[in-house]
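> This is what each chain is made of:
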Amino acid sequence: MNNRKLHKKEWVSALKFTFFSIFIGLLVGAIVLAFSGYNPIQAYSIMLSGIFSKPSYISYVVIYATPLILTGLSVAFSFKTGLFNIGAEGQFIIGSLAAALIGGYLNLPAYIHVPVCILGAILAGGLWGAFSGFLKAKFNVNEVISTIMLNWIAFHLNNFVVTRPSIKREGMNVTQFIADTARIEILPKWKNCEAALAFREAHPIINDLLRTPLNAGIIIAIVTAFLIKYLLDRTSLGYSLRVVGDNVNSAEYNGINVKKNIIISMLICGMLAGAAGGLQVLGRTRNVAELAAMESYGFNGISVALIARNSPIGCIFSGLFFAMLTYGGPKIQSALGAPREIINIVIGTIILFVAVPKLLSILKSKFKRTIINTKISKGDE
Amino acid sequence: MKVSGAELVVEMRGITKKFGSFVANDNISLNVHKGEVHALLGENGAGKTTLMNQLYGLYQPTSGEIYLNGKKVNITDPNVAIAEGIGMVHQHFMLIQPFTVAENIILGNEITNKMGVLDYKKAVNQVKELSKKYGLDVDPDAIISDISVGMQQRVEILKVLYRGAEILIFDEPTAVLTPQEIEEFIEIIKKFTQDGKTVIIITHKLKEILKMADTCTIIRRGVKIGVVDVSKTTEAELAEMMVGRSVTFSVEKEDKVPGKSVLDVKDLCVKDSRNVQIINKLSLNVRKGEILGIAGVDGNGQNELVETILGLRKVESGSICINERNITNKKNWEILQSGIGSIPADRQKHGIVPNFSIPDNLILERYNVGPFSRHGILNRKAIKDNAAVLIDRFDIRASSPEAKVNTLSGGNQQKVIIGREISNNPDLLIASQPTRGLDVGAIEFIHKAIVEQRNNNKAVLLISFELDEILDLSDRIAVMYEGRIVKILNSKETDEKEIGLLMAGGQSK
Numbered sequence: 001m002n003n004r005k006l007h008k009k010e011w012v013s014a015l016k017f018t019f020f021s022i023f024i025g026l027l028v029g030a031i032v033l034a035f036s037g038y039n040p041i042q043a044y045s046i047m048l049s050g051i052f053s054k055p056s057y058i059s060y061v062v063i064y065a066t067p068l069i070l071t072g073l074s075v076a077f078s079f080k081t082g083l084f085n086i087g088a089e090g091q092f093i094i095g096s097l098a099a100a101l102i103g104g105y106l107n108l109p110a111y112i113h114v115p116v117c118i119l120g121a122i123l124a125g126g127l128w129g130a131f132s133g134f135l136k137a138k139f140n141v142n143e144v145i146s147t148i149m150l151n152w153i154a155f156h157l158n159n160f161v162v163t164r165p166s167i168k169r170e171g172m173n174v175t176q177f178i179a180d181t182a183r184i185e186i187l188p189k190w191k192n193c194e195a196a197l198a199f200r201e202a203h204p205i206i207n208d209l210l211r212t213p214l215n216a217g218i219i220i221a222i223v224t225a226f227l228i229k230y231l232l233d234r235t236s237l238g239y240s241l242r243v244v245g246d247n248v249n250s251a252e253y254n255g256i257n258v259k260k261n262i263i264i265s266m267l268i269c270g271m272l273a274g275a276a277g278g279l280q281v282l283g284r285t286r287n288v289a290e291l292a293a294m295e296s297y298g299f300n301g302i303s304v305a306l307i308a309r310n311s312p313i314g315c316i317f318s319g320l321f322f323a324m325l326t327y328g329g330p331k332i333q334s335a336l337g338a339p340r341e342i343i344n345i346v347i348g349t350i351i352l353f354v355a356v357p358k359l360l361s362i363l364k365s366k367f368k369r370t371i372i373n374t375k376i377s378k379g380d381e
Numbered sequence: 001m002k003v004s005g006a007e008l009v010v011e012m013r014g015i016t017k018k019f020g021s022f023v024a025n026d027n028i029s030l031n032v033h034k035g036e037v038h039a040l041l042g043e044n045g046a047g048k049t050t051l052m053n054q055l056y057g058l059y060q061p062t063s064g065e066i067y068l069n070g071k072k073v074n075i076t077d078p079n080v081a082i083a084e085g086i087g088m089v090h091q092h093f094m095l096i097q098p099f100t101v102a103e104n105i106i107l108g109n110e111i112t113n114k115m116g117v118l119d120y121k122k123a124v125n126q127v128k129e130l131s132k133k134y135g136l137d138v139d140p141d142a143i144i145s146d147i148s149v150g151m152q153q154r155v156e157i158l159k160v161l162y163r164g165a166e167i168l169i170f171d172e173p174t175a176v177l178t179p180q181e182i183e184e185f186i187e188i189i190k191k192f193t194q195d196g197k198t199v200i201i202i203t204h205k206l207k208e209i210l211k212m213a214d215t216c217t218i219i220r221r222g223v224k225i226g227v228v229d230v231s232k233t234t235e236a237e238l239a240e241m242m243v244g245r246s247v248t249f250s251v252e253k254e255d256k257v258p259g260k261s262v263l264d265v266k267d268l269c270v271k272d273s274r275n276v277q278i279i280n281k282l283s284l285n286v287r288k289g290e291i292l293g294i295a296g297v298d299g300n301g302q303n304e305l306v307e308t309i310l311g312l313r314k315v316e317s318g319s320i321c322i323n324e325r326n327i328t329n330k331k332n333w334e335i336l337q338s339g340i341g342s343i344p345a346d347r348q349k350h351g352i353v354p355n356f357s358i359p360d361n362l363i364l365e366r367y368n369v370g371p372f373s374r375h376g377i378l379n380r381k382a383i384k385d386n387a388a389v390l391i392d393r394f395d396i397r398a399s400s401p402e403a404k405v406n407t408l409s410g411g412n413q414q415k416v417i418i419g420r421e422i423s424n425n426p427d428l429l430i431a432s433q434p435t436r437g438l439d440v441g442a443i444e445f446i447h448k449a450i451v452e453q454r455n456n457n458k459a460v461l462l463i464s465f466e467l468d469e470i471l472d473l474s475d476r477i478a479v480m481y482e483g484r485i486v487k488i489l490n491s492k493e494t495d496e497k498e499i500g501l502l503m504a505g506g507q508s509k
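Chains as they are written, first to last, in our numbering: chain A, 1 to 381; chain B, 1 to 509.
No false leads were mixed into what you were given.
The calculated lysine to aspartate or glutamate pairs, modelled on DMTMM-like cross-linking and capped at a C-alpha distance of 20 Å, are:
#1 B:K404 x A:D233
#2 A:K191 x A:D208
#3 B:K330 x A:E252
#4 A:K260 x B:E334
#5 B:K349 x A:E252
#6 B:K404 x A:E10
These are computed hints drawn from the structure, not numbers from a lab.
Make a model of the complete structure from these sequences and hints.
Shown next, in the form of structure tokens:
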């Protein structure tokens, strides 16, 4: 009972700090906007209405959030187990490539095609991640280095595969669209049939929603977040992974197989990022293209994990929040002409403040002390 | 008390400090006179450091008042304390490793010339002057990471003196010092009081209180028990006041005929990380129902021996058997499953999982077996019940049964480790430095637990740098020197002198 209260208290204060950081981030963004000659209130209200004023906007936020929640989970999981997975980017690419190939070049019935695609993406991403774990366990190669390098290998592997004449589409460096049996978009076919069009006309809200590629990915992402929480808190595997994350020396001294744990941890990280890539293909893009630059779903996962303070459930919310900023933010550019980079400043500031909770608690105690001092000196008078 | 006539320098009145619902200090009053050495005695976690942290401004009392030289003060942070002439030397040193001694001392109060540039030469001279005055020999130009722990403590003391402290607080100053360094420390303290400075020492070492303190305030579980004049008290009296019951300093154990051999080490050779032969043809065995103590000066291969038995180091040649099963160069998790429990010498580094709760720490070696997990799913209830039993049986004191282990005092962390290892009921218990840094109450408890293990016909390998501990507990004593066992003695037929000689590489009679 006492303990539950204690936990709750910790949780609440962490949440307060996060909201405070978000507030500071928005404040800094407002100052930058004001200095560049834009009205910050106007800019933020454009952002807000650009996020919430239409069902399709909200739907887009959810669609944006799906891969971010999963890559965020991937990075958070690595942090919880004492590793730093910068490789979510590459694992994402490999996952999406696997899903695109299975979805576009394999004929399977609908009820099995989707699971096979997702499993393929998870497996491919997982092995990509596990390889970094293997390098660390076997040769003591720091996972930060190996995952960064594997990001580029994934990037070029993707481009190599996509540009093969037997795979690419005529005249374009992209894969075939995935088969309809592999799609997870809501009612992709029915949407545009005549009966549906009549129905959509009668129901404008649903009509607006169906205009977006709303898909089942978000449900999978949320369920995954709960599964990861369960895995970490309630299973013996999660226990041993967390021991390694908290004190690798104690783990070793007390007979936990640290090397095996590192590989398993990176495997799971890769599976999560791979799933993100797979769902992105099945639900939204329907193919993968030759990449000119990294798409940053994996890198943004680092931000999502930091804002969530590595809490799996927190990743759901920080993923949605991050999606709001990245979807709603650029709208100030078209409406006001304000540079969209300001949103990056906001995000950067938030992360800076979230990542230095120590600094905040120091500031807070200083602030408190000043209050106490003033109170006391007033009391003395 | 030698300074009973002197004026009161520090007066803490009715100090209460609460952390949530936990009362760390309960209405404690403390009076310290000018020029005295005042000891604060209490068990691990009794609230001594908390009390002093309030005097130094690191914590604010929940209620109560502090007077310095008769004037009421409000010490809101350490800067205020320093301005009031209070200095504190913490148990864990706060020095910047790559900086020189002089740089560390002047840090925060740098000597600069008119241009604001550091005047290092002047700083060095000031440091030299200070160290000469109090006999605190240090080389101002030495780099911190190159000097011994004893020297580092001197730097910490100089730091405090440099800031003009008149009242010096020491938190467990001798915990990290060698016997020789302790003697020197006592001399330094004497110089301070001769100079009119006042010294407060937080400690649980009774012998040192008798050697250097004038007055002693005893705290037990956050409550002040009493103040005694050190010249009129005894070790036993102090111990009783501190623990709340009479303490036996020697361990009672009945004679026992040892049984079959549990651990057999034969001609073991091991190299350390720099590829130097650290264990050299070492042989020993430990039998059921006996405690084999390894005596030796630190650094003669004791830690490496333990790590090798646990499978954390490679065996170059020779063999290790547990219950007649060869475990040489097996993986450490296989070895631990063959019935070994280990109390590591470095409890923070190797023993605990700091951000885990007490219950989660108590299952560290059995998290994946019943009843704590089934089919890979943890059984929270079994984990909690196990903790309730062990917290009670091993007298683990915490603010809550689910507290994180890094919030516990050192002694209670050690009890968590010992509780975990003994409850696993290992055939062989390896106890390295099981009582380092602990107070007499905890030491007595841990000694009893180790002897009980032996009485239950289990084998115990004890490694300790405390000769008293080895002599009290062991049935046989193996003296280790330069990676070898130079002699194995029956503890009843030997004494401190003989062992001391062997430990230093000499020959016994």
